[in-house]
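Trainee: Between the sequences and the hints, there should be enough to build the whole structure, so can you do that?
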Amino acid sequence: MSAPVLALVVAPGGAPERPSLEALTLARRLAGDLGAPLEAVIVAEPADARSGAASLAGLRLEAAIVIEHDALTLDHPDGWASTIAQVIASRGPAAVVGKGTELGNDLLARVAARLDLPMAANLVSVEPGDRYRLTRQRWAGSLLEDCWLDAPTRLLTVAPNAVPADEPDGSPPPTIETFAPELTAADLAVHVTSREPSERGGVSLADAKVVVGGGRGVGSTEGFADLEELAGLLGGAVGGSRVVTSAGWRPHADQIGQTGLRIAPELYIACGISGAIQHIVGCKAAKHILAINTDPDAPIMSVADYAVIGDLHQVLPAVSAEIRRRTSA
Amino acid sequence: MNILVCVKRVPATGGRIVLTPDGQDIDTRYLGFTVSPHEECAVEEAVRIVEARGGTSTVLTLGPAAAEEQLRDAMAIGIDRAVLLETDGRDWDPVATSRAIVAAIQAQEAATGPFDLVLFGNESADSGGFQVGIRVAAALGRPIVTGVKGLVPGDGRIVARREAPRGGWESFELPLPAVVSVKEGINLPRYPSIPGRLRAKKKEVERSSPVWQSGGLEKIVLRLPKEEITAAEVIGRGPEAAPAIVDLLAGFGVLER
Numbered sequence: 001m002s003a004p005v006l007a008l009v010v011a012p013g014g015a016p017e018r019p020s021l022e023a024l025t026l027a028r029r030l031a032g033d034l035g036a037p038l039e040a041v042i043v044a045e046p047a048d049a050r051s052g053a054a055s056l057a058g059l060r061l062e063a064a065i066v067i068e069h070d071a072l073t074l075d076h077p078d079g080w081a082s083t084i085a086q087v088i089a090s091r092g093p094a095a096v097v098g099k100g101t102e103l104g105n106d107l108l109a110r111v112a113a114r115l116d117l118p119m120a121a122n123l124v125s126v127e128p129g130d131r132y133r134l135t136r137q138r139w140a141g142s143l144l145e146d147c148w149l150d151a152p153t154r155l156l157t158v159a160p161n162a163v164p165a166d167e168p169d170g171s172p173p174p175t176i177e178t179f180a181p182e183l184t185a186a187d188l189a190v191h192v193t194s195r196e197p198s199e200r201g202g203v204s205l206a207d208a209k210v211v212v213g214g215g216r217g218v219g220s221t222e223g224f225a226d227l228e229e230l231a232g233l234l235g236g237a238v239g240g241s242r243v244v245t246s247a248g249w250r251p252h253a254d255q256i257g258q259t260g261l262r263i264a265p266e267l268y269i270a271c272g273i274s275g276a277i278q279h280i281v282g283c284k285a286a287k288h289i290l291a292i293n294t295d296p297d298a299p300i301m302s303v304a305d306y307a308v309i310g311d312l313h314q315v316l317p318a319v320s321a322e323i324r325r326r327t328s329a
Numbered sequence: 330m331n332i333l334v335c336v337k338r339v340p341a342t343g344g345r346i347v348l349t350p351d352g353q354d355i356d357t358r359y360l361g362f363t364v365s366p367h368e369e370c371a372v373e374e375a376v377r378i379v380e381a382r383g384g385t386s387t388v389l390t391l392g393p394a395a396a397e398e399q400l401r402d403a404m405a406i407g408i409d410r411a412v413l414l415e416t417d418g419r420d421w422d423p424v425a426t427s428r429a430i431v432a433a434i435q436a437q438e439a440a441t442g443p444f445d446l447v448l449f450g451n452e453s454a455d456s457g458g459f460q461v462g463i464r465v466a467a468a469l470g471r472p473i474v475t476g477v478k479g480l481v482p483g484d485g486r487i488v489a490r491r492e493a494p495r496g497g498w499e500s501f502e503l504p505l506p507a508v509v510s511v512k513e514g515i516n517l518p519r520y521p522s523i524p525g526r527l528r529a530k531k532k533e534v535e536r537s538s539p540v541w542q543s544g545g546l547e548k549i550v551l552r553l554p555k556e557e558i559t560a561a562e563v564i565g566r567g568p569e570a571a572p573a574i575v576d577l578l579a580g581f582g583v584l585e586r
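Protein sequences appear in the order of chains A and B. Just so we're aligned: 289 in my numbering is position 289 of the first sequence, and the numbers increase by one with no gaps anywhere. Just so we're aligned: 450 in my numbering is position 121 of the second sequence, and the numbers increase by one with no gaps anywhere.
Rather than coming from a laboratory, the hints here were simulated on the basis of the structure. Just to be clear, a hint being listed does not mean it is correct.
Said to hold, decoys possible - Under the rule of at most 27 angstroms between Cα atoms (straight-line distance), these lysine-lysine pairs were calculated in the DSSO-like manner: (1) A/284 <-> B/555; (2) B/548 <-> A/284; (3) B/478 <-> A/284; (4) A/287 <-> B/548; (5) A/284 <-> A/209.
Mentor: This is the structure in structure tokens:
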């Protein structure tokens, strides 16, 4: 049997995250092209690993590998890197595929550094061969690079929101196998030593169904009141472009874009945002984009589905008033 | 504390990216150059820590001769020393880049003593490989935390704080020497002063020319993604558009009631 393709499935609380399922989908295509079995390593807290493995039923995996080590929690990046390096040594995969989120890239880069192997981050496609031909994102997805990867084991991460995850079918659940890594004190030395809750309550920007984003056109910290009001009425969250976080109008955690958050809400309302590519890459995964801008030729218009030409400080209060009028009627 | 900051010269893109006809590079004829926002913050953080605790700050880059500009930008806001690992402009992949940086760090430390802290930006703005800092840390046998938005140095230790994947914050306490990749938001970088710029102009840049090597990744060509450029449908102008907007919101099912 040919060498397997190994997917890394991060499953906090036993539930695989969407970017991991996207990575699994690309791994399945690669395994199909290679005629190789698809296996997954479940990256989860010890108590959640088996439910994480069971949740992969219908996703056409041969095996799900559950890691057994009492001290290995998600708070140990080097512990996981060492574990995955040991799994690679034991199973000899042709390729290892993980999610291209920040933590996904961090994890596979630690594996790559340990094994002194190259790693390609943020793929959108892969063609196997003597050398693998890859397409990967640069500039957070504003640009694509076709490249060759020449390595005995190919370490790959998949760009989030680039490969739609396959839906489960009626196929049987994977065989569950266990693997007990040997971890040294050095492997567990880097770990989370304290936690603090978020300073702010409400809907998080990453999870909100509706995001109201503000740019230079908002004008000031106070100017965000109009955006807050609308977001409050819609149960949504407020974000901003790099201009507004660099000006200190909003905290950096609210930044949508290449150096902030990538969001994928149902609706993104871009207010007074011209649309630099660094912002577009952060919001283009939104299902619908409505732009409110005084400039009908702003670059944001080329990615928006709908536009309202006008001053956001006049439009937004009118929208909030209209919502109140209809919902109280 | 002695701190090294590693930066990368990249084009200052803003609008649409234009490629050279052979697809090998971004057409930079009409663009300036900069470093990523994460790296601007790494430079600022190094200057602040040295201002508060004493020591020396050094900036290092691997890049073409013109990358001297980014080193002088860093010195203009207060970095003490600069090291240029000069290339002929070819792409260096992450493995090759990190090997060259490790060799340079070892040479620097042999000459002037250890760096307590090596800072990187979380990822380069252009290639976005997310791995050079991690590779350098592993080769040096030092701990690394990435995605850091807060640093509190102490005696022989440093606490690195970052946003936790599922909300809130998580902190790592690391023994020094350590490596940290920082993100924009850790600070608001200052603008260089005129005297700062003048001082930076006169400072020496230490140069060496590492030999190019392949690290297993090789660029074939760059492409612009196929974008569905849809002219946005204009649904109204000014506050009079409010009913049309609310109709749209209702259609998307995002009105709560």
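Trainee: Hints first: check each against the structure and report whether it holds.
Mentor: Hint-by-hint comparison with the structure:
1. A/284 <-> B/555: With Cα atoms ~13 angstroms apart, residue 284 of chain A and residue 555 of chain B stay inside 27 angstroms; holds.
2. B/548 <-> A/284: holds (26 angstroms)
3. B/478 <-> A/284: Distance of about 25 angstroms is within 27 angstroms: holds.
4. A/287 <-> B/548: Not OK: residue 287 of chain A and residue 548 of chain B at ~32 angstroms, beyond 27 angstroms, violated.
5. A/284 <-> A/209: holds (14 angstroms)
Hint 4 from the list above is the single one not met by this structure.
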